[in-house]
Amino acid sequence: MLRNILRLEDITMQFGGVVAIDNLSLEVNENEIVSLIGPNGAGKTTAFNVITGVYAPTNGAVYFKDKLIVSNFPKGPMKKIYAGQNNGKYTTTIKKTPDQITKLNVARTFQNIRLFKELTAFENVLIAKHMRSKANWLSATLCLNYKEERKMREEALELLDILGLIDVKDEIASSLPYGQQRHLEIARALATEPELLLLDEPAAGMNPQETLELTSFIHDIRSKFNLTVLMIEHHMDLVMEISDRIYVLDFGKLIASGVPEEIQNNQTVIDAYLGVPDDDEE
Amino acid sequence: MKTSKNLIYSLILAVVTLALLFFLEVNKAKYGMAYTVLTKGIILAVVAVSMNLVTGFTGLFSLGQAGFMAIGAYVTAIFLIPTNSIEEVYYMSGVSPAILTFKTWLESTPLWFQSLLPYIALTAGGLVAALFAALIGIPVLRLKSDYLAIATLGFSEIMRAIISSPQMDTITNGSYGLKKIQGFSSLIQVFLIAAVCITFMILLIRSTYGRAFKAIREDEIAAEAMGINLFKHKSLSFIIGSFFAAVSGGMLAMFMRSIDAKTFTVSLTYDILLIVVVGGIGSITGSILSSLLVTASKEWWLRFFDSPLYIGSFQVPLFKTGFRMVIFSVVLLLIVLFYQRGLMGRNEFSWDGLAKAFNKLKSKSSNKGGSKIA
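Just so you know, the protein sequences line up as chains G and E, in that order.
Mapping of the first sequence onto our numbering: position 51 corresponds to residue 51, and the numbering continues sequentially without gaps.
Mapping of the second sequence onto our numbering: position 88 corresponds to residue 88, and the numbering continues sequentially without gaps.
Do not rely on the hints blindly, as some may be mistaken.
Said to hold, decoys possible - Derived DMTMM-like pairs (lysine to aspartate or glutamate); straight-line CA-CA distance at most 20 Å:
#1 G:K117 x E:D306
#2 E:K103 x E:E87
#3 G:K95 x E:E87
#4 G:K67 x G:D167
#5 G:K117 x E:D219
#6 G:K169 x G:E195
#7 E:K144 x E:E87
#8 G:K151 x G:D161
#9 G:K96 x E:E348
#10 E:K320 x E:D306
#11 G:K117 x E:E220
#12 G:K151 x G:E193
#13 G:K117 x G:E195
#14 E:K356 x G:D170
#15 G:K103 x G:E30
#16 G:K103 x E:E220
#17 G:K103 x E:D219
#18 E:K356 x G:E171
To be verified - Label-pair distances were calculated between CB atoms; the ranges are:
#19 E:A29 x G:D170: 48 to 58 Å
#20 G:D170 x E:K362: 52 to 62 Å
#21 G:G16 x E:S145: 22 to 32 Å
#22 E:M33 x G:I166: 46 to 56 Å
#23 G:D22 x E:E348: 46 to 56 Å
#24 G:A56 x E:P110: 57 to 67 Å
#25 E:L337 x G:M236: 51 to 61 Å
#26 E:V16 x G:L157: 35 to 45 Å
#27 E:L354 x G:P177: 28 to 38 Å
#28 E:E299 x G:S175: 38 to 48 Å
#29 E:L18 x G:T97: 41 to 51 Å
#30 G:L157 x E:S175: 55 to 65 Å
#31 E:D352 x G:V18: 49 to 59 Å
No lab work stands behind these hints: they were computed from the structure.
The beta-carbon is built from N, C-alpha and C at its ideal position, and this holds for glycine as well.
The shape of chain G in the complex, shown without the other chains (with noise of 0.2 Å):
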């Protein structure tokens, strides 16, 4: 049976009066590649960043392998309003830092790079083994971790081998050409060591011969790194060709979901990307 690693439940997210994400629920199983799509300012980012602590959610919860890492019990005026819809399903507040859920083996990357932009390649990666590093600031200081950090360059030239990018590894990350600054992005988040890898927009910027690379590239790394794969993108045949399951949101709220065929012939999420034809006119 198909284990769940990530479940959204009831994820609402609200901005002063905007509502970002309205009840959102999902789920992604293990080892799938699932896509997160939708028109401009849908709330894909935005579930992103409730997803990695970025952003505390007005109600709802997050579950990574069955383990609560996000949850929030409203307070003040929301009470009123999702109190009754919970049923009081969640009674406590969990908000964990994204350093937290980093390292509970949730890696992602972003939408507009970011990047450590004056270190070299090699160092962007080097910096992601840190938070697995045992040892203190002291020892560390006094080269005592001498074979932790052995080990550790090891991995990250390793991990920069097998994406390609050993032979820019001691290039400025900003020098680098845009293609090379996303696989980067990747590397970088590979070496947290996650299960679940979150992509934003991975092929934003890129020309279609690099988009189409990009497709095998991630099932590359998927069954390379055990990985479990949540992706927002726009370039519908990448999401298309590589999506187990897609998610389709708009205006903050669900509007479809299945396999690639099942939606490709939704109507309704047709008429979100295309817009409802007006009756009223001629």
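Once you have looked at the hints, place chain E on chain G.
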């Protein structure tokens, strides 16, 4: 091959430096100015590197250096004033009984302990400052950039005000300051302490924690997504930086032999900031180099601008006391204009880098007359 060659160069440099220090130590009377400038320069190098650790490598714009230096200086001074002259130092308002008991206890410790006293005093000063840094770090490190700078600047001023307040008279001797502090035994001792401090910070920056600091400097959000606990690492950097600022403050007290609260005004922090900026924010060797250069030009090389200059019987105008600082400011302006990222930028000194710069200079001068190819 290449690394062993560089190692030999570095060893030669170390030996030459040591020989120079020995020479200066022996001929102290003749080269008094060089002696003073080198001592003060290397002491300021320690605090400049510590500020670079916090500001240049972790990206925390902290201006609290003078405050931490003051803590270090006063703790060191209390340790190192000879017990028999303590009453004399506190002649105005008397000594606090706690200090008296402490000093008599120090007197009763074994001799080997007393010979290590300068090192113990400096470490104690550093630890007290580190404790203060940990406490004020809790609220202050939540602030970003300019706000952090203002908050730490405020802390530094509060520290100075507390030290000179009448309520602290029996401990800090208020505005009279502390005198008769035991000095360094030799120039080599100063350099040895500074070398240990700076080496420690270099090793920290090159360790996995140093890389985490740089990650925070580059991008906080990405650093957090890489599992780096922002607050933990920021306070670690802040505490260690404050520790070494205080050690440097203690060394300054030992160098000057007498201190008062006025030594540690905001302008001291600005002097250090200036050294860091001139050397290059994010370059340790840059900070060391620039603290020696800045100290030397401020106290020594530009001195002749201060005394009247005669060409024949004509007295050149402007050459009078204070003109040196005008020249100094102009030099600074030029440096900031032409080396926007400081003398070293974010690079570190290396023999290969030196050779490269030298070759570039050589080819430039040989190409001057002829046509330039490529």
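Right, here's what the structure says about each hint:
{"no.": "1", "hint": "G:K117 x E:D306", "in the structure": "violated (46 Å)"}
{"no.": "2", "hint": "E:K103 x E:E87", "in the structure": "holds (11 Å)"}
{"no.": "3", "hint": "G:K95 x E:E87", "in the structure": "violated (58 Å)"}
{"no.": "4", "hint": "G:K67 x G:D167", "in the structure": "violated (40 Å)"}
{"no.": "5", "hint": "G:K117 x E:D219", "in the structure": "holds (8 Å)"}
{"no.": "6", "hint": "G:K169 x G:E195", "in the structure": "violated (25 Å)"}
{"no.": "7", "hint": "E:K144 x E:E87", "in the structure": "violated (46 Å)"}
{"no.": "8", "hint": "G:K151 x G:D161", "in the structure": "holds (15 Å)"}
{"no.": "9", "hint": "G:K96 x E:E348", "in the structure": "violated (39 Å)"}
{"no.": "10", "hint": "E:K320 x E:D306", "in the structure": "holds (5 Å)"}
{"no.": "11", "hint": "G:K117 x E:E220", "in the structure": "holds (12 Å)"}
{"no.": "12", "hint": "G:K151 x G:E193", "in the structure": "holds (14 Å)"}
{"no.": "13", "hint": "G:K117 x G:E195", "in the structure": "violated (26 Å)"}
{"no.": "14", "hint": "E:K356 x G:D170", "in the structure": "holds (19 Å)"}
{"no.": "15", "hint": "G:K103 x G:E30", "in the structure": "holds (18 Å)"}
{"no.": "16", "hint": "G:K103 x E:E220", "in the structure": "holds (17 Å)"}
{"no.": "17", "hint": "G:K103 x E:D219", "in the structure": "holds (18 Å)"}
{"no.": "18", "hint": "E:K356 x G:E171", "in the structure": "holds (19 Å)"}
{"no.": "19", "hint": "E:A29 x G:D170: 48 to 58 Å", "in the structure": "holds (51 Å)"}
{"no.": "20", "hint": "G:D170 x E:K362: 52 to 62 Å", "in the structure": "violated (26 Å)"}
{"no.": "21", "hint": "G:G16 x E:S145: 22 to 32 Å", "in the structure": "holds (26 Å)"}
{"no.": "22", "hint": "E:M33 x G:I166: 46 to 56 Å", "in the structure": "holds (54 Å)"}
{"no.": "23", "hint": "G:D22 x E:E348: 46 to 56 Å", "in the structure": "holds (53 Å)"}
{"no.": "24", "hint": "G:A56 x E:P110: 57 to 67 Å", "in the structure": "holds (58 Å)"}
{"no.": "25", "hint": "E:L337 x G:M236: 51 to 61 Å", "in the structure": "holds (53 Å)"}
{"no.": "26", "hint": "E:V16 x G:L157: 35 to 45 Å", "in the structure": "holds (38 Å)"}
{"no.": "27", "hint": "E:L354 x G:P177: 28 to 38 Å", "in the structure": "holds (32 Å)"}
{"no.": "28", "hint": "E:E299 x G:S175: 38 to 48 Å", "in the structure": "holds (42 Å)"}
{"no.": "29", "hint": "E:L18 x G:T97: 41 to 51 Å", "in the structure": "holds (49 Å)"}
{"no.": "30", "hint": "G:L157 x E:S175: 55 to 65 Å", "in the structure": "holds (60 Å)"}
{"no.": "31", "hint": "E:D352 x G:V18: 49 to 59 Å", "in the structure": "holds (56 Å)"}
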